[in-house]
Structures are given as structure tokens and as C-alpha cells.
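Chemist: Turn these sequences into a full structure, and let the hints steer you where they fit.
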Amino acid sequence: MDTEKTVDLDFRRLTVLGLCLTFGLAIVVAQLIRYQVLMHSDLKQVAEEQRERTTDLPSVRGYIADANGRILAMNTNRWDISVSPVLITDPAYLASVLASALALDGARLRVDLRSDKAWLPLAQGVPQKLGEAIAGLQIHGIICKPQSTRNYPMSDLVSHATGFVNHTGNGFYGVEGYYNPALKGLSGTKLIEIDPFGIPIPRPIEDYNPPEPGANLILTLDLNIQYIAETELSSAIDQFKAESGTVIVMDPKTGALLAVASLPSFDPNQFASAEPSLLADPSVSGMWEPGSIFKIMTWGAGLDSGAITPEMTVFDEGRIEVGGRIIENSDRKAHGKVSMTEALAHSLNTVAAYVSTTMGKDQFYNYLRRFGFGNLTGVDLASEGPGRMKLPGDSDWFPSELGTNSFGQGIAATPMQMITAVAAVANQGILMRPHIVQQRVIEDRASRRPRVTAVEPVAVRAAISAEAAATLTDMLVEVVEREATKARIRGYRIAGKTGTAQIPTAVGYHPTDTIVSFVGYAPADDPVFIILVKLDRPKASRWAAHTAAPAFRAIAQRLLVYRQIPPDEIRLAQH
Amino acid sequence: MTSHSLPVPAPQARERSQPHVTSRFPSLRVAIAVFAALLILFGWLHLLVAMQIASTDRLILDKEADFDRLERDTQVVLLKIGWGESPRIMEGRLAEEGYERQDALYLELSQPFAKHRGGSDGQLASFAPSSVAKETTASQPPSLLESIIGNSESVSETQP
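Protein sequence lines, in the order shown, are assigned to chains F and G.
Numbered by my numbering, the letters in the first sequence go through residues 450 to 1024 in order.
Numbered by my numbering, the letters in the second sequence go through residues 3 to 162 in order.
Take the hints with a grain of salt, since some may be wrong.
To be verified - Among the chain F residues that face chain G by a calculated CB cut under 8 Å, a handful are:
(1) Q499
(2) T503
(3) D505
(4) M523
(5) N524
(6) T598
(7) P602
(8) M603
(9) L672
(10) R939
(11) G940
As the list claims (entries may be wrong) - Pair by pair, the computed Cβ-Cβ distance ranges are:
(12) T58(G) / N517(F): 23 to 29 Å
(13) F37(G) / C469(F): 42 to 48 Å
(14) S844(F) / E93(G): 52 to 58 Å
(15) D923(F) / E73(G): 54 to 60 Å
(16) F37(G) / S564(F): 55 to 61 Å
(17) N824(F) / T58(G): 57 to 63 Å
It should be emphasised that the hints constitute simulated quantities derived from the structure, not laboratory data.
Note that CB positions come from ideal geometry on N, CA and C, so glycine has one too.
Modeler: Laid out in C-alpha cells, this is it:
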């Protein structure tokens, strides 16, 4: 009986123990279900926040190079140095080291390092070698952070074409502004685990989204031609006492820009200290009334429409009335019987007005549209303006403007629009879209090899026929031979036209100041380049024939040598 | 009866149950031991792999740091090259050394400039004037184009 009792007692104890354990287990299971199932998402989020950090991986901004591969814009690293004084164990030593390296006040730094501040910035933009040397000290409490900065090795030489990048890493103006998204690339992210002390645990990266580097851009711009353009423009500004100026050099057959120079310019490395008005590129955003170089468009339209021929003669009485307004020649003279070629050479306003009125407003403005006026050229430079061309039907258009527009008054164009339109004449009447980027080079993420995308020239439309363009070119050669003689280069046929434009003010045109320009291309029969020279308010002479024309000649002469273009007789004999 | 009343000692029951317990416990012990061994093995392997991963990761981080440093150095060198290639800086240095930029100089050729048409590669081959060209030059200076055409023809006449 005792044995049975003992066995019963043991069984009861075991049962109680079993029940207790089961109950305990049930509690544990219940808690597990609570934490693992019911509170799963909340607790997971809390845990991830505690141990995981997402680090941004900045993308590398692409570089910009000229047609020969010379770097125009690139990145270098500079260092931001800061310190956590609470973590510094030997403030005196550190103060002596940093004060000499960073040229800081040693006594003040010692005081700062003994403070209980959590963070203290010491220096920004520390050069690469010095920053690395300080980082190499590996002193606990010093924070060395590399910062990518944009550098422009050519300083102010190509500044308007390149634009600049500000401290947020965004590009403005020029190529930097236009191609900002492509140059910038896409930043990536890296998810890392950290220990309770905030130190990253070296372990496989949980989630790694690598940054996509920005595209490298190879420009059509040739640094040598750019230098020629800028130095000659600078000489012309000095010589003719002009306030500012612009030179654009383009390949008329493709629309590729070979040089885009405007003075005064700025150093993109120091853009913050530059005059804000200098930052925008006048070649694409500056508008002016082009004056007589606009007659190229009027004559082109007249020839193409059949309204005029080169031999056609008109009698110039020195004045003509259009829409109730009297238009006179710039010399206030009557030239009598003149051919259309002579009228273009003498730059007669009356004959230009005759041509536009003969064509009629619809046809005339249709041609101006075809030459691209009133619209953006589509050049890949930021901040391009569309110019200003009033059209019949607009509230501010008057019938007299059919006459004044024919010789470039009452119409505003950008230098880029003007050279693009004249380039169409040089290119057998085909209007090309101007462009400055010829290649985009993107590093392929998978193969780690550069993928090159060529930018093909784009023909926008035929502005005039090839025959009309050829005829007009011959007339423009006559213009240079007869009138714009300072643009002549011995051995070469140059086609070109001068333009002396009055400057509109609030009370009419300025009595003395002018904007002079010359646009020309060479060799005339097979142009390799077209050059637009524009000088603002020259004081030495107010006429383009004495200012812009010789400036064109100086640039063209050097370009012919640089591009190894033989004189016409030799070149034509070779073909 | 008294002798019968002698109780059968409990140990007998223990003795009877002892073999029952011992027969169960060894298998449990073995199972626990195997489990523990597996746990240790798994832990050891896990630790080994984790250490391997950690060291590889550290190696990658070091290499990445080296790569970044080299890239930064390369950029500094590229920037210096960029400065060196600036035409303005180059012209400044040349001016310091006494060089001056020369304007284009076109040479007046006293003799016609001929193109060797008979040549296979079309290279400019001869400056030698023909008698025809000499006569033309003496009577009336021809244009450069006329000289070239005239001389080319005379050259071609001399070809077999």
C-alpha cells in the first residue's frame, strides 16, 4: 500500500510539475506568438532602426572634354576637417598639430578642444594631400570627410560654354546646366548593420544599390580654336574700345560649335565672386537687333522666292515709304540704278525694304521662320533665349515693320540664331541644329567598359534652295571684295556681311552707340567654318567694316592655318 | 505468517525499475550529446564562415579605400595635366622663354607649284618648271591656278 502511495505521490508530483511546465511553456509560446506574430512588423522596424543605417553613395559627376580630349571640367577631392572635442584625449598635442597644418590660431584651438562640444568644424576645402595626411593620423575624434569639388583647368577660357557647378552639385548655364541630369548621374545607397556602439559591423552588405556615374561629355569645341577666338576677341575689344563682345565659330555643314567666346567672362572655379550678369552666356541668351547682317536673310528669301535675281536692277532714290514710315539708307544718300548684288554690297536699307515689300508680309515672315527666327535653335547650352520677332497679327506689329525688319531693325535675335541662319546659306540652304556635344561616354555597369553614344548632326529643314544659297554666297563674296575689304584674306574667297546696328533705347535709338557685327564663312565654295563676330559699343569706330570685319579676318586667318586649308587655287586644283 | 509478513523491500521494485530507467536514459544522453555536438559543430562552422566573411569584407573595404585614394590621386594628376594643357598657360610660358606668336606667312612662289598627277598616291611631286611654264612666266605672270594646270599638263606630257 505504501508503495502504491509512493508511486501515486510521485505521479501526482510529476503531473503537477508537468502541468506547471506546460503552463510555463504555454506562456512562453503565447509570448512568442505575441512577439513573433502579432508584434512582428513593429518590432522588426524598431530592430532595423536600431541596427541598420542607410548610407548615401554619391555618384561621380562626369567630366567634360574638348574635341581633342583635353579636360575642361573635372572633379577633385577636397577635405572637410572637423573634430569632436569630447572624444579628444590629448587636446594640447592635437591643437599644435592641427594649428600648424591648417593655419589656425593654436591658443584658441587648444581652448576649443578642451571644451565639451560634441562637434566643431575646423576647415573646409582642405587640399587633397593635406586632407589625406590628417586622415592618416587616425586620431580618435578627428572627422575627415572627402568632398568632391568641380575644377575647371582652363579657368575663364571656356567658362561660358562650360557653365559651372554650385556647392549643391548642380550645374548652371552652358553644358553643365543643359546636361546637368546626365552629368550628375544617380546616387546609390548602401544598407549597413551597426553594433550597439554605432560602429559598422563588417559583414556582407545587405542591400547595395550602387551609384550610377554621370556621363562624360566630349564636346565639338576645339580648345585651340576657342583660344584663337578669345585672344582675337580680346584684342578687338581693346583695339576698338568696345565694352564687350562675342565670337562664335561653327562648322556650317554639321552645326558643330567649334568655339563660343564672350568677353568679359568669369572664372567658373570662383563663380561665387563673379559679377552675376557675367554668368549667363551672351551667345545664346543675349539678344540684339542684328542690323545689316540680317539682309542676308532678306536677300536669301528674295532669291529663293524668285522676287529678285542678282542682276536685277532697281532705282534707289535714297528713301522708301513702308507702312507710313520713311526708310533711308545709312549714308542718307540715293545710289540711283543698282543691281541687287551692288545693293547688298552697299547695304542699302531702301532696297532691303523693297525686297521684303515685294515678297509680301506672309512670304517674308515665312522665310524668317524657316531660317529659325522667333524660335529656339535647340543648341545644347542652357539658358537659350528665343529672340523676338513680331508677326503680322500680333497686337504690337505694325506694317512699317515689314520694311524695318528687312534690314534687321525691330527684330531681336541671339548671336546663336544669327550664325545658325547664315550657316544655312553656307550649307546649301539646309538649316542645321547647332550642337556642342559630339559624344556621351557612359561607363557600362555590367562590363565596366565605356559605352560611347555619338550625337549625330540634325538637319532641321531646308530654309532656301541650294541654288539660291549658292547665288547668295557669290553675292556675299562680292560684298567682301567690294565693301568689307578689311575681312578679305589673300588667296581665299570669303563670303560675308557687315552689320552696324543702332541700339534701341526707351526714347528711340541711341544717337552714337552701335553694335557692330560681321558674319562670314570660308572657303566660300566649300565652307569649313563660319564665324560671327559681335562687338558692343565700340568707341574707336561705330562701323562694322572698320571693327568687326578686321576682327573676323584675324580669326579666320589663324583658323585657315590651323585647319591647314590651302589657298583656293591650290585647293581647287587638287580636286 | 510472520515470515510472510516480511515486506518485500522497495529496492526490489527499484531494482526492477532500474533497468527500465537505464534502458531509456542512454539513448536520451546520446541524443543530447549528438545534439550538442551538432550545435557546437554548427556554431563553429558558422563562426568560421562569419569570420571569413568579416575578414573578406574588411579586405574589400581596405581595397575600396585604396582605390578611392588612387582615384583621388589620379584626379589631382589629371588636373595638373589640364592646367599644363591650357593654351593660355602654354603661351605665357613660351613668352617667358622669349618666343613670339607669328602671323601666317604666305610664300610667293617664283616657280609654279605642280601636282604630280602621274603618281600613284597623288602626292605633290615636282617644283621643276617646264619650258612652257617658263615662257608663260616670262611673258605674262600666270595665276597660280593657271600655273598649276599648265605645269601639270606639261608633267603629264613627259610621262610615258
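Chemist: Take the hints in turn and mark each one as holding or not.
Modeler: Hints and how they fare:
1. Q499: violated (20 Å)
2. T503: This interface hint is violated because 17 Å lies over the 8 Å limit.
3. D505: violated (16 Å)
4. M523: holds (6 Å)
5. N524: holds (6 Å)
6. T598: violated (10 Å)
7. P602: Holds, because the Cβ-Cβ distance from P602(F) to chain G comes to roughly 3 Å (cut-off 8 Å).
8. M603: holds (5 Å)
9. L672: holds (6 Å)
10. R939: Constraint on R939(F) satisfied, holds at 7 Å.
11. G940: Result: holds, 7 Å to nearest chain G Cβ.
12. T58(G) / N517(F): 23 to 29 Å: Violated, since T58(G) and N517(F) (Cβ atoms, about 43 Å apart) do not stay within the stated range.
13. F37(G) / C469(F): 42 to 48 Å: About 24 Å separates the Cβ atoms of F37(G) and C469(F), which means 42 to 48 Å is violated.
14. S844(F) / E93(G): 52 to 58 Å: Distance hint for S844(F), E93(G) holds at roughly 54 Å.
15. D923(F) / E73(G): 54 to 60 Å: With Cβ atoms ~57 Å apart, the hint holds.
16. F37(G) / S564(F): 55 to 61 Å: Given about 57 Å between the Cβ atoms, the range holds.
17. N824(F) / T58(G): 57 to 63 Å: Given range 57 to 63 Å: holds, Cβ gap about 59 Å.
When each numbered hint is compared with the structure, violations occur for hints 1, 2, 3, 6, 12 and 13.
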